[in-house]
Amino acid sequence: METVPKKNRTWALVIVGFFVLVSVISFGFHEYYVYLQAYLWFGFIYGMCLQYGRFCFASAFRDLFAVGVPRMVVGIMIATVLFGFTSAFVNATGWSTFHAAPTSIHATIAGILFGIGMVFAGGCASGSLYKTGEGNGVSLLVILSISVTQATFVDVGGWFNKLVPEPWRLSAMQKGLPESINVTDGWIDQYLAGYVWNQPVLRFAEMFGMKTDTVMGAFVGNLFIGVVIPALILLLWVYLVWVKKNHVRKIEKQGRTVTFRDHLEGFWGMIVSSKRTAIAGLFLGIACGLQMFVIEGLRMKFGVKNAGTLLERLGFTYGLSAKGTVFDPGYWYVTTQEAQWVGWTMQKIFGWNFMDNIFFGWVNGIPNPAFNPADWMSVALIGGAAVMALLHNEFKFKKPTKELAIWAIIGGFFMGIGSRLALGCNVGAFFVRTAQGDPSGWLFGLGMIGGAYIGVKFFNWWTERKMAKEMAGLEFEL
Amino acid sequence: MARTYLWIVIIIVMAFLGFMIGYAVPPFMEVGFGGGEQIESGGAPVDEELKKEFEQLYQIEEGSTESE
Amino acid sequence: MAMKFEKKGEGHYMLDVTGYVCPHPQIYTKKALEKLQTGDILEVVFDNPSSSESISAMCDSNGNEIVDRKMDGGKFVFTIKKA
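Residue numbers (this note's numbering), protein chains in the order written: chain V, 484 to 961; chain F, 2 to 69; chain H, 20 to 102.
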């Protein structure tokens, strides 16, 4: 580690001190704040890990397609398998906070949109959070764009209602939602109630005749069949297509013939090629499982199923959903809370009614961001990344250039749409779901890969064009 | 030098983590692992010694967070 | 700040992608390296931390050698020799 300016160290301590203060003071008010603190400190850990490992889902397939670098695919698979392992413990108790998502082609379509968006924006949903902690203005713009797009997208009705297929509308009306939701007004409402809710909810354990809440189902069904095997297949594909060629070339340079053993070594070399990423993946996987464990323990202790009950007991009733709930996944999540703070702000300041849609009004609510558990997580994630960046002397305020600002807004828009269609982002819809043995996570992942490919194709063309301009004055043959 | 600061940060984070895990473990002990359908209203019997240990865990952790 | 590509001397080029975020620095670096001759030197200037990992890995797998890496206050300068 190089010498780090004193200013950086001081700022790092100030940030940590702030979170410590928030935790201690809020705990002084009421024991229930432990629940919010759990979100806060796990968010902080995620931020530290993400920054340390330059852990960005966007770069996984993008860098593979664009420059042939597999390190992030590897890192993500390590994290997913480990997270799968730690959460299998929690799942086996039958007390997991996880709810599988409906499985259908919508997850893949959403993944494609999300994948294109994250290549354009230069970062996925979680990546943009940690890069904001590095002082990156472009990433902050991406977050703003994702947030506003989501909040708007879940509420648009009017002309967009005409785009709703009739069967969705009819099916949505039969769901018996309260009048306040006004289900026939709003594209997303009818998409959710009329289509997504009708799709099957699957787990690998159940698909193979086991039960998720048993040791057998959690470890063999969900973890081994649902996570380890697909992850290995994916890594093998990456090795065969991108890594093998270079590895074989290196060996043949030494004048040896390539054996099976060399391939095994090559495969392992690919796994450990970026130590930082692998280590971050390791800690992320463990932390994600621990968070589920802690949140579930706290729920049992306080006798609640959702943080909405705690907020109500604390006297904060504004923005609770019609069911009295707020967004409280119990695990790592990024996009929903981003939509929530925009929803809260727009409703408070501009009087826009957001509670008449399913997303806010029926499920997630729009609590004051100051008391929104998931928002504590996101803010702490930025803080954790900032601390890490400061202590490694990598923190730098960067104003977005006009070109990048445009990419950021377009990318954020695509990611916002994609994450609402899939009910989650690269974390909530892919990472968490795959690790829990939910096949819809892999469907979203496939979409992300496809989207990344399209995004890279575009950027390759764009970069070629710009390079050609720059090099025009030089003596290159183009 | 920066490494020392990093360790300070890590220790603070671990302290809070330990505090929260201390909160979350006892309820899990009552429920037990392996099979959600086996949960009984009273929960599984908890060893006296273990109970005491967790009570003390709370005291130590609360003390340490207040001093920070 | 726009991307800059300059010739600094015979077989010595500089690519300045300061201000750019992922994936631009690594794509520009790749494209620039493709245009160079074997033995040419390319200095890449960037300030996006995650690109440092990607560029290192990319050079490693393609056999290009990073002869020097400097890092100061969030700004990176990698000197790459094309294989």
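By construction, these hints were calculated from the structure, which means they are not laboratory data. This one's a predicted model, so the numbers in the text were calculated from it and none came from an experiment. One thing to keep in mind: the hints can contain errors.
Simulated DEER-style distance windows between Cβ atoms [to be verified]:
no., chain 1, residue 1, chain 2, residue 2, range
1, V, D668, F, I9, 28 to 38 Å
2, H, V86, V, R948, 26 to 36 Å
3, V, K831, H, A102, 54 to 64 Å
4, F, I12, H, E25, 41 to 51 Å
5, V, K728, H, E29, 26 to 36 Å
6, V, K728, H, D87, 24 to 34 Å
We treat Cβ as the ideally placed atom computed from N, Cα and C, and that holds for glycine.
Evaluation of the provided hints:
1. V:D668 <-> F:I9: 28 to 38 Å: Taking Cβ atoms as reference, V:D668 and F:I9 lie about 53 Å apart, which means the hint is violated.
2. H:V86 <-> V:R948: 26 to 36 Å: holds, 30 Å
3. V:K831 <-> H:A102: 54 to 64 Å: Taking Cβ atoms as reference, V:K831 and H:A102 lie about 59 Å apart, which means the hint holds.
4. F:I12 <-> H:E25: 41 to 51 Å: This hint holds: roughly 47 Å between Cβ atoms.
5. V:K728 <-> H:E29: 26 to 36 Å: Roughly 32 Å apart at Cβ, these two residues keep to the hinted range, so it holds.
6. V:K728 <-> H:D87: 24 to 34 Å: holds, 27 Å
Hint compliance for this structure: hint 1 is the single one not met.
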